[in-house]
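Here are the chains, one letter per residue:
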Amino acid sequence: GKREKMARAAKSALVLCMDVGFSMSNSPPGEEPPFDQAKKVIQKFVQRQVFSESKDEMALVLFGTDATKNPLDQDGQYQHITVRRQLMAPDFELLEEIENHVRPESQQTDWLDALVVSMDLLQKGKYDRLNIVLLTDLSTQVSSDNLDVIIGNLGKLGITLQFFFPFPMEEEEHNEEGGGGDGDGDRRGSSRPGVGKGLSREQKQGLEMVRDIMLSLDEDEGLDQVYTFSEAIEQLFMFKHIERRPMAWPCQLTIGSSLSIRIVGYKAVTDEKLKKMWITVDAQTSKRDDVKRETVYCLDDDNETEVQKDDTIQGFRYGSDIVPFSKVDQEQMKYKHDGKCFAVLGFTKHDSIHRHLFMGSQTIKMFAPKDDEHAGVALSALIQALDKLNMVAIVRYAYDRRCNPQVGAAFPCIKQTYECLVYVQLPFMEDLRQFSFPSLENKKFTPSESQLAAVDSLIDSMMLVEEDENGQKEDMYKVHEIPNPAFQRLFQCLHHRAVNPGTPLPTMEQWLKDALERPSAISERCQAPLEEMKRKFPLKAVEKKKELKTGAQIFEPDAKKSKVDEEEEEFNLAKISEGNVTSVRARGLCQQLTHRIEQLLSNRSTHYYMKCITCIQTFREQSVKLGNADLYNSYLQSLKKSIPNSGLQVFWDLLVQGMISLFIGEEKKEVETEPAVDDAGDVDDLVSVCLNSSALKYLMFVS
Amino acid sequence: MINFVCLVLHNKRSAQFKKYLFIYLFIYFLFSPSVNYKVTGRDSLVFLVDASKEMFIKGEDGEPSNFDITMQCVRSVYTSKIISSHRDLVALVFYGTEKSKNPRNSFKHVYVYHDLDEPGAKRVQDVEALRGERGARLAADTMGSGEVSLGDALWCCSNLYSDIKLRLSHKRLMIFTCMDQPHGGDSTKDRQARTKAGDLKETGVVIDLMHLMKPGGFDVSLFFCDIVSPPEDESELGLQVEPCGKLDDLQKRVQAKQQKKRAMARVNLCLGEGMNVAVGVYANAVTARKPSAIRLYRETNEPVHSKTRTFHTQTGSLLLPSETRKAQVYGNRQIVMEKDEVDTIKKFYDPEIFLIGFKPMEKLKLHHHIRPSVLLYPEEQQVTGSSCVFAALLKKCTEKKVFAVCRYTPRRNYPPRFVALVPQREEVDESNVQVTPPGFNAIFLPFADDIRKLDTPQFPTASDVQVDKMKEIITKMRFKYRSDAFENPVIQQHYRNLEALALDMLAPESIEDFIMPKVEQIDRRLGPLVDEFKELVYPASYNPDSKPAAKHRQDNEKKPKVEIPEAELRAHIKNGTLGKLTVPVLKEACKQFGIRTTGTKKQELMDALIAQMAK
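Line order of the protein sequences matches chains W and L.
Quick note, the first sequence lines up with residues 1 to 703 if you use the working numbering.
Quick note, the second sequence lines up with residues 1 to 615 if you use the working numbering.
Derived by calculation from the structure, the hints in this document are not laboratory data.
Take the hints with a grain of salt, since some may be wrong.
[Said to hold, decoys possible] Straight-line C-alpha distance at most 20 Å; calculated EDC-like pairs for lysine to aspartate or glutamate:
(1) 340/W to 545/L
(2) 363/L to 468/W
(3) 347/L to 517/W
Please construct the entire structure, taking both the sequences and the accompanying hints into account.
Spelled out as structure tokens, the structure:
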């Protein structure tokens with residue numbers, strides 16, 4: 001426990017050491033110069049650190065610079081190396097500095113010298129991990145005189161190294177992923193751009209030296225820390241390497257009352273969410289303090305009489321009854337348990353646990369504590385025995401006293417370098433949704449032999465895992481190596497907005513788009529089988545008016561608009577919103593209306609609901625006038641569909657009450673009849689009329 | 001060898017268990033709004049129960065009567081409705097009674113015990129009273145057994161529906177009987193019943209038969225085949241071929257019929273340009289939680305509703321959404337975006353499941369789990385031909401032992417996730433009830449960010465002797481796992497508490513914690529094996545139960561109070577280095593400056609301090 005606690009408190013230090021020298025700007029025509037790629041790598045990396053609000057400190061060393069600025073600059077040694085930034089927590093200043101001041105320069109510097117300068121930076125301060133990341137094309141002549149001393153010092157100081165080159169190191173590398181969180185075999189192949197280019201003598205010599213260094217630091221996995229620039233951008237190797245290790249959860253695995261084994265659990269896989277939330281600020285001042293949110297409680301009477309929060313108590317529904325149940329009583333009567341626990345209930349066959357019934361959002365790996373060999377052996381006996389019997393343990397798991405206990409399965413996991421139990425939560429009876437579905441073994445749907453053959457060849461043409469000439473299985477699409485695009489895109493946009501306020505958001509980065517698409521090799525290969533599939537399986541979309549549409553889609557039926565169109569539309573919308581009502585065409589008016597309705601609806605309040613109803617009334621009226629009911633009807637359909645998701649049931653009920661009939665000409669359409677009409681027994685015609693007359697006026701007002 | 005499960009089961013046979021096993025059988029939490037109540041209107045369910053003499057005959061060996069079984073079933077549906085969907089309407093109607101009780105008393109031998117309404121505590125007690133010996137006597141006293149006219153009974157039920165002013169989205173009627181010829185061959189009555197059933201079906205009521213065991217077997221074809229609704233789909237089994245003899249089975253059938261399939265989403269499974277197969281997305285399992293509390297007015301106990309308003313602090317005027325923007329703060333820098341920009345950042349694709357390719361099953365890693373899976377099933381009504389492609393894919397993927405890797409965008413403005421589509425073939429049990437539906441399970445796959453890097457400790461592996469001893473232990477503790485065997489004690493306790501309060505009971509009934517290890521039984525079964533194993537792996541001096549961390553924890557508690565000078569705090573805020581301070585320091589600082597914070601998260605504390613200092 002103690003060790004882990006310390007590790008959490010401490011932070012790590014990392015030096016980004018980048019070659020900006022002359023050769024880095026060279027590239028064959030049409031290819032991105034190594035300099036640009038390397039700059040992107042460090043930008044991506046710093047960006048991630050900034051947005052994860054990492055406390056880890058970072059320094060930036062550039063080499064090949066025209067100027068010299070480093071503490072070792074003496075007697076003409078260590079020239080053309082610039083320490084751009086000392087070890088500090090990364091921030092926007094660093095991002096701006098990289099953006100504006102890291103540019104190609106014209107010198108060439110021995111990268112070993114730059115490494116020494118970087119090592120020197122790491123000697124100050126207290127850190128729990130020391131890392132150096134070197135990005136270079138290895139094009140300079142290197143003096144290997146002090147190589148042994150350097151390697152010795154790296155080892156002594158416990159510095160880990162990562163190298164990033166514009167080209168892959170060699171074909172046979174990258175086969176085995178080392179230990180670590182995932183540890184399941186081969187990494188994405190090294191057949192990336194940049195291969196096949198003949199390497200210069202300096203580069204070959206450089207690679208030799210890198211190999212020496214890496215292998216003497218770590219015999220087994222050293223070479224796993226050598227990457228290409230493109231790998232670095234598309235995957236999170238650098239980030240993963242310095243990432244803080246998950247919190248340890250020490251506990252005892254118990255079997256009955258007298259057999260216990262000390263274990264430590266670590267989250268191995270978890271649905272990672274963004275920690276930061278958006279806050280609401282005033283549009284004019286951008287100040288958070290100018291916006292206040294207030295929740296009031298009202299009685300369900302005609303006046304919606306407000307009551308103080310202190311005058312309310314808590315209750316729960318028990319069917320049609322509502323049972324008052326105070327917090328104090330609830331706390332006292334609730335289920336209580338003894339806290340932290342990992343207790344075996346029994347053992348069962350591995351195959352009685354269904355993968356599709358895994359619950360929760362994480363898997364936990366259980367090891368014996370680092371310094372406890374006896375626990376290690378005992379746990380190993382359990383893991384081996386489970387594995388040999390093809391069984392798993394069913395356990396009660398409770399994180400601590402405050403957390404609800406779970407039932408889950410502990411699977412044996414045996415890897416080359418380690419053994420552990422993998423814990424996954426299983427469902428409670430209450431969680432299960434046991435639906436039954438019509439059987440597909442039905443004459444109507446049974447595929448013919450030729451149809452099955454078409455599917456067969458489609459699958460064959462789309463296999464993402466294939467054996468290469470050496471019988472090695474290559475996986476060309478590893479989802480667990482793709483960074484979460486949601487994070488990536490958000491960081492990109494935040495970064496952009498922070499550094500260039502007032503400019504529109506950038507488009508998605510191409511590499512990210514590509515990473516989420518079908519590999520081009522597969523796309524090509526499956527072309528013919530796919531055509532065959534289309535011939536063999538007639539598919540026909542059933543025409544339905546109920547298509548989910550947004551206002552914009554309705555008015556712009558062509559879904560695949562070019563970018564230019566989109567911009568144009570935005571422009572129009574802006575103009576309309578300024579209140580130029582008289583000049584807008586009918587469609588524009590409808591558009592404006594739906595836009596306004598959408599805005600108003602995001603305010604959950606009866607007052608705004610009434611305004612929306614007015615808008616919808618106007619919309620209906622206008623549509624009738626124009627003799628074009630489709631726009632209105634399909635908008636209303638989409639609105640109706642969105643109601644349950646948006647929690648606007650109250651509004652919908654009001655709308656139903658407030659209108660004579662919802663859809664235009666709905667009497668004719670049996671199937672589409674809105675059941676709500678039945679309810680509208682006592683429609684208040686007066687209200688509708690009243691609202692109608694003020695509708696347009698209101699529209700001008702809110703615009 | 002006695003199986004481990006026997007131990008559990010033996011325990012389960014207690015009276016407690018009998019009572020509660022079925023109570024929450026049907027919980028499918030409608031409180032998760034994204035999944036349910038997509039269809040507007042309420043669901044309704046009418047139990048139409050035969051109360052003729054035959055229903056009260058006890059089985060051999062004192063097996064409960066069909067009537068008793070049915071009442072247990074009704075009770076469990078009531079309680080589960082209360083928990084999961086209290087807004088649904090349920091009715092209980094008996095036919096073949098001696099006495100009559102219905103709205104206008106226009107039907108003889110039909111006894112409306114509960115008309116269509118939301119179930120509550122009182123109704124649970126009412127049904128509870130009809131169970132067992134005592135229940136049979138009560139039924140005889142209040143209703144008695146008499147002539148049967150299913151036609152009248154169905155007519156009465158159709159009146160129940162038409163008396164309801166609420167909008168009903170789903171109407172279901174379940175007939176519970178053990179008589180395959182309810183009118184004893186009276187063709188007039190048979191015809192009348194058929195006509196009434198036809199009328200009901202025309203108004204959208206789905207009629208199911210829950211036929212019960214009878215000596216000589218229940219022959220559906222004699223009469224009931226014309227009464228029940230045709231299967232929703234040609235392929236559906238529709239009528240259960242075998243009658244139910246056991247409560248278990250009956251429960252399962254009622255449950256299967258009762259659970260409405262509601263898709264979380266309907267999207268296209270896109271195999272390639274121009275090849276779209278429509279599929280519905282269904283939850284396999286959803287974590288059930290305690291429902292959230294309702295606020296009540298202290299004086300009257302009536303529910304209050306809340307309204308949230310956003311207004312300008314200075315002017316006090318209400319703010320329209322267009323008058324606000326969204327922001328995030330990093331260090332000392334605030335990044336501002338328009339609301340729709342925040343949405344567009346999240347948009348990657350239109351909703352779809354896009355096929356990337358296939359991989360052999362062994363490439364699906366057990367520990368690559370980030371959220372509960374969902375089930376895909378074709379939607380023939382959206383795209384005709386979908387079922388055929390789907391069935392072919394299912395067949396071939398199973399045969400070739402491959403899964404499909406797909407990019408899944410569940411809805412608009414939702415970033416994609418990747419899923420592994422794992423084929424699942426249909427399975428039915430001995431009595432032809434589907435236990436596993438056909439379809440593709442979509443297993444969510446982790447991105448690089450979701451995978452943590454661990455430093456793995458290395459230990460010597462156990463010797464064969466040690467492993468063999470553990471194998472003996474494991475073998476002694478084998479049991480058959482069933483996913484529906486474990487109730488959630490937290491939720492069970494919560495509802496037991498509510499039940500006690502609602503029914504004015506002195507104390508809630510105690511629950512059985514099924515996820516508690518049965519330590520005594522385990523110890524007894526393992527006997528000397530534990531000590532033998534310990535001798536093999538632990539030295540005499542070693543105690544795995546000692547807690548080396550305990551001492552360390554005490555040290556922590558004695559930490560002195562931490563205060564920070566205002567100047568220093570301001571400097572931190574100015575430099576954006578507030579994050580360097582620890583949570584206790586920040587909390588102390590908040591106290592120092594009289595800031596009331598509800599949050600305990602670091603960011604919340606920091607935000608509060610920054611806000612205070614800016615004043």
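Hints, verified against the model:
no. : hint           : in the structure
1   : 340/W to 545/L : holds (13 Å)
2   : 363/L to 468/W : holds (16 Å)
3   : 347/L to 517/W : holds (15 Å)
Taken one by one, the earlier hints all hold for this structure without exception.
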